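Residue numbers (this note's numbering), protein chains in the order written: chain Y, 28 to 422; chain X, 345 to 467.
Any given hint could be a false lead.
[Unchecked claim] The calculated DSSO-like cross-link candidates involving lysine-lysine, where the alpha carbons are at most 27 Å apart (straight line), are:
1. K47/Y with K147/Y
2. K47/Y with K404/X
3. K453/X with K147/Y
No wet-lab data here; the hints were simulated from the structure.
Computed from a prediction, not measured in an experiment: that's the story for all the values here.
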Amino acid sequence: MAARYCRSSDEVLSVLNNAKVQEKDLTSITQVLSFPEPSELDENLVLLELDNALLDLMNQGESLVFRGDKNESAVMCTKNRTFDVKVAEISNALALVPEILWGGDTKSNSSHEERTLSNKCVAKIFYEYLEVRPCGPRLQKLRSLLDKGQYSGPEYESEVQDSGVKLYTLHDLLHCIQASEEELLTALKENFVCCINGHWRFLEFNYHFRVLSLILGLVDENSWPLNGVVRGEVLETLSDVVPTVILDHLLDWYCTENSDGLTCTLRDDRICRYLGEVLLRPAGKFNLRDFLSAWQQSVPEGMVTDMKYLEGVAIKDISCQPQVVRFFPEWELPEDIAERFRILFHTREKWTIDDIRPYVERLTTNKMNVNALLTKYARASTLNGVKLYSARHGK
Amino acid sequence: MILVKLPEEGKETQWGIVELQGDIVSQSGNDLHGQFIGDLHYTKQGTPIFIIGHHILTGKEVSLEKPFAVLERKRGILPQCCEEDNPEKSEFRTEYQIRAIIKKKLIFKVRPKPIISNVLNSV
Numbered sequence: 028m029a030a031r032y033c034r035s036s037d038e039v040l041s042v043l044n045n046a047k048v049q050e051k052d053l054t055s056i057t058q059v060l061s062f063p064e065p066s067e068l069d070e071n072l073v074l075l076e077l078d079n080a081l082l083d084l085m086n087q088g089e090s091l092v093f094r095g096d097k098n099e100s101a102v103m104c105t106k107n108r109t110f111d112v113k114v115a116e117i118s119n120a121l122a123l124v125p126e127i128l129w130g131g132d133t134k135s136n137s138s139h140e141e142r143t144l145s146n147k148c149v150a151k152i153f154y155e156y157l158e159v160r161p162c163g164p165r166l167q168k169l170r171s172l173l174d175k176g177q178y179s180g181p182e183y184e185s186e187v188q189d190s191g192v193k194l195y196t197l198h199d200l201l202h203c204i205q206a207s208e209e210e211l212l213t214a215l216k217e218n219f220v221c222c223i224n225g226h227w228r229f230l231e232f233n234y235h236f237r238v239l240s241l242i243l244g245l246v247d248e249n250s251w252p253l254n255g256v257v258r259g260e261v262l263e264t265l266s267d268v269v270p271t272v273i274l275d276h277l278l279d280w281y282c283t284e285n286s287d288g289l290t291c292t293l294r295d296d297r298i299c300r301y302l303g304e305v306l307l308r309p310a311g312k313f314n315l316r317d318f319l320s321a322w323q324q325s326v327p328e329g330m331v332t333d334m335k336y337l338e339g340v341a342i343k344d345i346s347c348q349p350q351v352v353r354f355f356p357e358w359e360l361p362e363d364i365a366e367r368f369r370i371l372f373h374t375r376e377k378w379t380i381d382d383i384r385p386y387v388e389r390l391t392t393n394k395m396n397v398n399a400l401l402t403k404y405a406r407a408s409t410l411n412g413v414k415l416y417s418a419r420h421g422k
Numbered sequence: 345m346i347l348v349k350l351p352e353e354g355k356e357t358q359w360g361i362v363e364l365q366g367d368i369v370s371q372s373g374n375d376l377h378g379q380f381i382g383d384l385h386y387t388k389q390g391t392p393i394f395i396i397g398h399h400i401l402t403g404k405e406v407s408l409e410k411p412f413a414v415l416e417r418k419r420g421i422l423p424q425c426c427e428e429d430n431p432e433k434s435e436f437r438t439e440y441q442i443r444a445i446i447k448k449k450l451i452f453k454v455r456p457k458p459i460i461s462n463v464l465n466s467v
């Protein structure tokens with residue numbers, strides 16, 4: 028290999044002379060830029076555009092994590108946020124120069140200084156860089172990952188173990204799910220995924236119902252008021268039949284703690300919602316009037332059912348006679364926005380904003396709220412003063 | 345999952361970007377490895393002047409609105425302690441180390457001026 032070309036001061040001065048640049052107008056350091064030798068070339072370098080907020084986080088010692096399989100578009104996560112990562116192509120060339128001197132670095136105080144040459148090697152020339160835009164967590168895989176390893180009670184655990192079904196720790200999930208740790212934990216909690224012996228699992232539907240019934244039965248037996256459930260006694264009485272960890276999860280989910288620290292209050296919204304699902308799930312469709320009365324009878328005395336509790340679980344169909352209520356769970360709809368809207372408008376032609384909101388809310392981002400989503404994917408019309416949304420390219 | 349970490353303290357050096365319009369190609373079509381590109385000067389007012397071949401470029405030193413992180417991909421380096429409980433996972437482990445944060449660049453976006461030299465005078 029030929030020896031590296033070494034530039035001399037004379038050559039630099041002669042070029043300046045030819046270019047009719049007065050040397051006295053320049054600071055005394057000239058940086059001589061060259062391409063790297065193949066051995067020095069750093070192909071492993073990537074440029075990532077940050078913003079100052081992200082930079083601040085990193086300076087505070089936070090790490091960034093890229094997440095995604097080969098067939099997914101990558102996301103970048105901080106501890107609590109997720110960003111979409113895109114390659115930005117540019118027509119200019121960005122030459123990356125380590126240890127570059129800026130204008131201010133080349134200034135010297137003395138006026139008569141010899142010209143010095145400083146060799147700088149370009150590390151790599153870029154025609155693209157990575158840019159990040161905030162996006163929501165991508166949780167679509169969560170349900171399918173966790174669906175197989177449902178918890179049906181201690182007596183079935185050996186079966187689960189023998190079946191070889193994979194159970195996921197938080198660490199495992201963070202490897203597969205494109206979300207930040209905080210967003211993932213929030214999603215797990217919101218979906219009532221329970222952490223059992225370090226693994227995050229759904230409770231099997233019937234088991235869940237059995238444990239809830241035991242708790243509600245105990246409330247009834249002791250004639251506790253809805254806002255006076257004695258937590259310690261529930262744990263003690265039921266610990267023989269239900270593992271404490273499960274009781275704790277259910278009590279946390281279905282109750283709010285009272286200020287006395289001993290008792291708690293049953294949550295109408297969650298209990299009504301679940302018991303409504305218990306009725307609707309096997310039936311699929313239900314005569315609205317029959318359903319409302321069966322539902323009201325199924326909840327603890329003193330609780331009042333309300334269709335608003337079934338947002339995202341079921342929809343009313345008032346177009347047929349008699350009116351019916353349909354089991355229509357939000358979590359079974361696809362994550363792809365266009366596909367989800369297709370199914371929504373296939374299921375029902377026209378929706379009011381309040382009816383459709385629970386089915387699209389989860390797809391919103393900071394930049395795209397429910398209204399923006401509807402503007403983009405649906406067509407609005409007004410019927411008898413009520414605004415209705417239908418398919419963009421519908422009949 | 346790929347982790348990005350800041351460099352250990354003090355290791356971060358001052359890197360910069362020189363942005364040129366178009367591309368740099370060798371006139372003779374030679375391999376560019378190790379080749380000299382040009383001389384970078386600053387006027388006393390701080391204006392960068394870059395001379396490439398027979399072109400003189402006048403540019404500007406600007407702060408980047410959004411800084412760049414220079415990431416370096418590192419494969420297969422993993423602390424020993426993790427490998428014991430999870431051998432198959434560690435194989436796929438890739439980490440990016442941040443080599444530098446770039447907050448400024450020199451941008452040369454005006455048309456290069458050709459240098460017309462009087463060969464006789466310069467000898």
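Each hint, compared with the structure:
1. As the CA atoms of K47/Y and K147/Y are separated by approximately 24 Å, the hinted pair is consistent with the 27 Å bound.
2. Taking the CA atoms of K47/Y and K404/X, the gap is near 20 Å; set against the 27 Å cutoff, the hint holds.
3. Note on K453/X and K147/Y: the hinted pairing holds, with a Cα-Cα distance of about 21 Å set against a maximum of 27 Å.
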